[in-house]
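Line order of the protein sequences matches chains U and R.
Going by numbering that gives the first Met the number 0, the first residue of the first sequence is number 0, and it counts up by one from there.
Going by numbering that gives the first Met the number 0, the first residue of the second sequence is number 0, and it counts up by one from there.
The hints are simulated quantities; they were obtained by calculation from the structure and are not laboratory data.
Heads up, the beta-carbon is just placed ideally off N, CA and C, and yes, glycines get one too.
Among the hints, a few may not be true.
The list that follows gives simulated cross-link-like pairs (lysine-lysine, DSS-like), each with its CA atoms no further than 25 angstroms apart [what the hints assert, rightly or not]: (1) Lys110/R / Lys181/R; (2) Lys37/U / Lys149/R; (3) Lys57/U / Lys149/R; (4) Lys119/U / Lys149/R; (5) Lys119/U / Lys110/R; (6) Lys140/U / Lys110/R; (7) Lys113/U / Lys181/R; (8) Lys110/R / Lys94/U; (9) Lys181/R / Lys106/U; (10) Lys44/U / Lys181/R; (11) Lys114/U / Lys110/R; (12) Lys113/U / Lys94/U.
Derived coverage of chain U by chain R (criterion: at least 3 residues anywhere in the stretch with Cβ under 8 angstroms from a Cβ of chain R; other residues may be distant) [said to hold, decoys possible]: (13) 47–56; (14) 207–215.
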Amino acid sequence: MALNNVSFELPSGAIMGLMGPNGAGKTTLVNVICGFYKPDSGTVKFQGRDITGIPPHKVCRLGIARTYQIPQPFGELTALQNVAVAGMYGRGVGKSAAESEALEVLKLTDLADKKDVPAKNLTTITLKRLEVARARATDPKLLLVDEPAAGLNETELPHMLEILAAIRQAGVTILLIEHVMQVMREAVDTIFVINEGTPIASGQPDEVMKDKRVIECYLGEYQ
Amino acid sequence: MGITTRRIVVLSLLGGFAVVMALLPIMGMPQTWMLYLIYFFVFLAAANMWNLLAGFSGLLALCPAAFIGLAGYTMTILTWLNIPFYVGILVGGVVAALFSILISGSVFRMKGVYFAIGTLVVPEILRLVFLRWRPVGGELSGGGAGYMVKGVSEVIMQETYWLGLAVAVASIILIGIILRSKFGLGLAAIRDNDTSAASSGIDVFRLKLYSFIIAAFVMGVAGAIFYSYQRYIEPNSAFNIRWLMIVLLATVIGGKGIEEGPFVGAIIVVILHFQLARYGEISLLIQGIILVVIMLAVPQGITGLIRDLRRSGSFRPG
Chain U
0 MALNNVSFEL PSGAIMGLMG PNGAGKTTLV NVICGFYKPD SGTVKFQGRD ITGIPPHKVC
60 RLGIARTYQI PQPFGELTAL QNVAVAGMYG RGVGKSAAES EALEVLKLTD LADKKDVPAK
120 NLTTITLKRL EVARARATDP KLLLVDEPAA GLNETELPHM LEILAAIRQA GVTILLIEHV
180 MQVMREAVDT IFVINEGTPI ASGQPDEVMK DKRVIECYLG EYQ
Chain R
0 MGITTRRIVV LSLLGGFAVV MALLPIMGMP QTWMLYLIYF FVFLAAANMW NLLAGFSGLL
60 ALCPAAFIGL AGYTMTILTW LNIPFYVGIL VGGVVAALFS ILISGSVFRM KGVYFAIGTL
120 VVPEILRLVF LRWRPVGGEL SGGGAGYMVK GVSEVIMQET YWLGLAVAVA SIILIGIILR
180 SKFGLGLAAI RDNDTSAASS GIDVFRLKLY SFIIAAFVMG VAGAIFYSYQ RYIEPNSAFN
240 IRWLMIVLLA TVIGGKGIEE GPFVGAIIVV ILHFQLARYG EISLLIQGII LVVIMLAVPQ
300 GITGLIRDLR RSGSFRPG
């Protein structure tokens, strides 16, 4: 069992961190929320509505978007098309409206100069931003960001956090999955920590970082 | 050239092509040429649809013979029920489309190469069924399960020629519209990554199904036109793997995933078809070798090669 008794609430407008060591079940949790996996028991509620077991494309249309830890672009499509197609289907807007909106999202994520480049020719770092852009284009109420910092260097990381902050400013609730402590300390209001599929701590970043069980699962037990 | 100017040029070229082709029989084209062109039209329409599936939707469907054969049989059987063949051609397309819906539930459970293999067995199953089944008490020839198309002996060759031209041109226009639509972009997204397509709000199953139905219908219509020209249908020809070979060769030689690919490819396949006819069964082997060589040497096909050369030669941005 990958997840066991994981229960949390994410208030609208908040930005929460989901933390845990490798294999803790963070991405599994995202997959359960987005409808890729169906839980054996338990429910996923979104804006008071039970969305457990709803297929991924409907979850997206309800207003939950996600990014992938390892970028999953549409390789043959240009950056603009990657973002526009998400707008067309995620929000149900027409082609030309989606394309002009996609251009705005590309500007927000600093990708406007890459708009006509096929995604397969973009670097991994650029693709990380394209992931965020594509998710943003579906106009989500809740955005699940899976390890945006992985693979980014010291200058690229603040850039990514700025982009996420701008999205939050626009009223989007964010669940940030990450295990880079620095990101958590800077970017989130509260943190929820899981390990081996079970919750071990939650609260303000500073408190959580001092929690004995959190330190243990990251650094190993004191002998 | 701007996009609009370019579109006008392409559309007028297509219109010119259609008009010239339509006038050729009236101006006294030799019968053999008319024969070649009927084959070309049918192959082109079927290959365009296979390009829609394999090139633009990521569906490596190896069952074109199922759609072509079923539609051909539908048209033939309907002529025995005194329904005109041109009505039968349309009904044949509808039957092929309905059949595609019927098998979609099971074949779409599989992905990639498993989907390919799953679809490959479908025409073979139909072949075996039709070898044993006698749908109407019509005139059987050679004691097999073959049927003559009733009443088309009066049909002049020109009519099938024009019908073939119509479906070929329609298939070109259809592909042009799909590729520039929201639907086409959704299909391309699914082809490139079906997981992130789903999480971008795309109903993957539904879009793939639409693409499958459209391809089945047009392939069916093209196939039924072919058999109305042939005037005879039997299971071993209708559900033959040669149909797959034709669409596959035309698409791959021309350029898979490129709009103009099947047009160029279909010309070559028609030439091959008549040149290799004298080798009988070995012709399939020769075609297979050609296919493998093309895939190894020029995987992007002829139109893809031309596009790449033009790009590197003149620094034209993509």
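We went through each hint and held it up to the structure:
This hinted pair checks out: Lys110/R and Lys181/R have alpha carbons roughly 23 angstroms apart, not beyond 25 angstroms. Between the alpha carbons of Lys37/U and Lys149/R the distance comes to roughly 56 angstroms, so the proposed pair goes past 25 angstroms and is violated. Simply put, Lys57/U and Lys149/R have alpha-carbon atoms about 51 angstroms apart, too far for the 25 angstroms limit, and the pair is violated. Note on Lys119/U and Lys149/R: the hinted pairing is violated, with a Cα-Cα distance of about 54 angstroms set against a maximum of 25 angstroms.
With a C-alpha separation of about 22 angstroms, the suggested pairing of Lys119/U with Lys110/R holds against the 25 angstroms cut-off. For the hint pairing Lys140/U with Lys110/R, the CA-to-CA distance comes to about 32 angstroms; that exceeds 25 angstroms, so the pair is violated. Proximity of Lys113/U to Lys181/R is assessed by CA-CA distance (about 21 angstroms); at most 25 angstroms being required, the pair is judged to hold. About 28 angstroms separates the Cα atoms of Lys110/R and Lys94/U, which puts this hinted pair outside 25 angstroms; it is violated.
The hinted pair formed by Lys181/R and Lys106/U meets the criterion: a straight-line CA distance of about 22 angstroms does not exceed 25 angstroms. About 31 angstroms separates the Cα atoms of Lys44/U and Lys181/R, which puts this hinted pair outside 25 angstroms; it is violated. At roughly 30 angstroms between alpha-carbon atoms, Lys114/U and Lys110/R are farther apart than 25 angstroms, so this suggested pair is violated. About 20 angstroms separates the Cα atoms of Lys113/U and Lys94/U, which keeps this hinted pair within 25 angstroms; it holds.
Check result for the stretch 47–56 of chain U against chain R: holds, 3 residues qualifying (beta carbon to beta carbon below 8 angstroms, three or more required). Coverage of a stretch by a chain is defined here by at least three residues with a beta carbon nearer than 8 angstroms to that chain's beta carbons; for the stretch 207–215 of chain U and chain R the count is 0, and the condition is violated.
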